[in-house]
Structures are given as C-alpha cells and as structure tokens.
Amino acid sequence: GEDVEQSLFLSVREGDSSVINCTYTDSSSTYLYWYKQEPGAGLQLLTYIFSNMDMKQDQRLTVLLNKKDKHLSLRIADTQTGDSAIYFCAERSMDSNYQLIWGAGTKLIIKP
Amino acid sequence: ETGVTQTPRHLVMGMTNKKSLKCEQHLGHNAMYWYKQSAKKPLELMFVYSLEERVENNSVPSRFSPECPNSSHLFLHLHTLQPEDSALYLCASSQGVGTTQPQHFGDGTRLSIL
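Heads up: the protein sequence lines correspond to chains A and B, in order. Count along the first sequence from 1, add 1451, and you get the number used in the working numbering. Count along the second sequence from 1, add 25, and you get the number used in the working numbering.
Calculated directly from the structure, the hints in this document are not laboratory data. Any given hint might turn out to be false.
Claimed, not checked - Per the computed footprint, the stretches of chain A lying under chain B, defined by three or more beta-carbons under 8 Å from a beta-carbon of chain B, are: (1) 1476-1488; (2) 1492-1503.
Stated by the list, open to error - Far from chain A by the CB rule (all over 12 Å, computed), these chain B residues: (3) M38; (4) S45; (5) F100; (6) H102; (7) E109; (8) I138.
Said to hold, decoys possible - The list that follows gives simulated cross-link-like pairs (lysine-lysine, DSS-like), each with its CA atoms no further than 25 Å apart: (9) A:K1518 with A:K1507; (10) B:K47 with B:K61; (11) A:K1521 with A:K1507; (12) A:K1521 with B:K47; (13) B:K47 with A:K1558; (14) A:K1507 with A:K1558; (15) A:K1558 with B:K66; (16) A:K1562 with B:K65; (17) B:K65 with A:K1521; (18) B:K61 with A:K1558.
Heads up, the beta-carbon is just placed ideally off N, CA and C, and yes, glycines get one too.
Next up, chain A with everything else stripped away, as it sits in the complex:
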C-alpha cells in the first residue's frame, strides 16, 4: 500500500539550515504537504506543493520535490529555537479522495 517515511529526529544548531526529508511510494500523488506541530498544539499547515512542481519557496522555507525518486524535502533557513517542533509530511493521492497519507513526523531539535 501507500507509504510515507520520515526520519524520527533531526538535530541542528541554531542559525544553521535544517533539511527534513520525506519519501513516498505512491506515484499518483497530486499534492504533498508539510505540517508543523508544536508541543501541546495541533498541526499547522506550513506549505504544500503540486506534483508538477520541482520547488516552492516561502520566506525561510524551501520545498524540493524529486518525482523520479519520490523524495520531498523541507529546508528551513537560519533555524531558530521557535522552529523546534515535529514536522509531518503528507501526500494526497489521486486514488483517494479523502485521505492524506501521513508520515510519522520528524522531531526537529535545535542546539544552541
């Protein structure tokens, strides 16, 4: 079946760039999403990219999509302590009207 995989943890120094990676298996994916979850909160939509795009940039966030390798990444420039959170990758498939397929989330840890 469809699957989305992420590393569970990523540790970076404050001020460095963070790159959070995600791989998916469904070749019919249409949209891919990044959500952020801070402690005690729900999921906040950060950005999303359509599958016919290679890159999308929004301020400190850059999303890269490699459709051939089914690889999605989220780059956070100049990582700050406020970026500490769990980041979820999700895909919407053409085969599923309602369901997003979610990764288990990557916890971003910021070192001073």
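Add chain B to chain A, keeping to what the hints say.
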C-alpha cells in the same frame, strides 16, 4: 475566534464513562475530520464528514460515535473506551473533500483512559 477550536483540551475518563469531544470551525468550510494521534505513529483518519454527511469511516470501533449537526460543528461521542484509546484526538476542516484545499487543524483533545 481561531480557525478550529476543540474542547476540552484534556480529558481523563474511566472505561465505563460516557463523554463527548467537541470541535467547531470558523472558516466557512464544508468538510470536517476526526483523527487519532498516538505517539510515534502516523495520524489515523477516523471519520470524514462532507456537507454534514459521513463519507468515510475507517473501521473505527463502535465505542466512538461521531455526530455532525451542521457544517461548523463536529462531535465525537465516547463510551466504554479502552486504555489503548488514550491519544490526542485532532479535528480538522477543509473546503471540500477530494480537493486540493488543505486541511486546517485544531489543537486537539488529549484523552487519557484510566
């Protein structure tokens, strides 16, 4: 008012209790969702409502009973839950299902079953 509001934020209940979770969205959306979030597991979609009609029920045990009285409100009625039901329950809404519009989430209800 924030976009999607869930109450209560925390709930502790015994296995024989009956309680309800509430979700309200102020975004004018017409689709609402319940998710279960357990530690180190992907989000599990439980129920989907579109225009107040249930369109998805992902093999959820009958001890969870959803209700959607209008497009702004969604409830999850709980009875005789099990310890493995302890989790964060998230509500989300979107403009349409099967569209490209993203889902917007509430802050969740942290449920603990004694």
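Against the structure, the hints:
1. 1476-1488: It holds, with 4 qualifying residues against the three required.
2. 1492-1503: holds (count 7)
3. M38: Non-interface label on M38 (chain B) holds, nearest chain A Cβ at 20 Å vs cutoff 12 Å.
4. S45: 19 Å, holds
5. F100: 17 Å, holds
6. H102: 21 Å, holds
7. E109: About 18 Å separates E109 (chain B) from the closest Cβ of chain A, which puts it past 12 Å; holds.
8. I138: The claim holds: I138 (chain B) sits with its nearest Cβ about 19 Å from chain A, beyond 12 Å.
9. A:K1518 with A:K1507: Within the cut-off at roughly 14 Å; holds.
10. B:K47 with B:K61: 14 Å, holds
11. A:K1521 with A:K1507: Holds, at about 16 Å.
12. A:K1521 with B:K47: 37 Å, violated
13. B:K47 with A:K1558: Violated, at about 28 Å.
14. A:K1507 with A:K1558: Answer holds: K1507 (chain A) to K1558 (chain A) is near 22 Å, not above 25 Å.
15. A:K1558 with B:K66: Distance ~13 Å between K1558 (chain A) and K66 (chain B) Cα, so the pair holds.
16. A:K1562 with B:K65: Holds - the C-alpha atoms of K65 (chain B) and K1562 (chain A) are around 22 Å apart, at most 25 Å.
17. B:K65 with A:K1521: Given that 25 Å is the threshold and the Cα spacing comes to 22 Å, the pair holds.
18. B:K61 with A:K1558: 19 Å, holds
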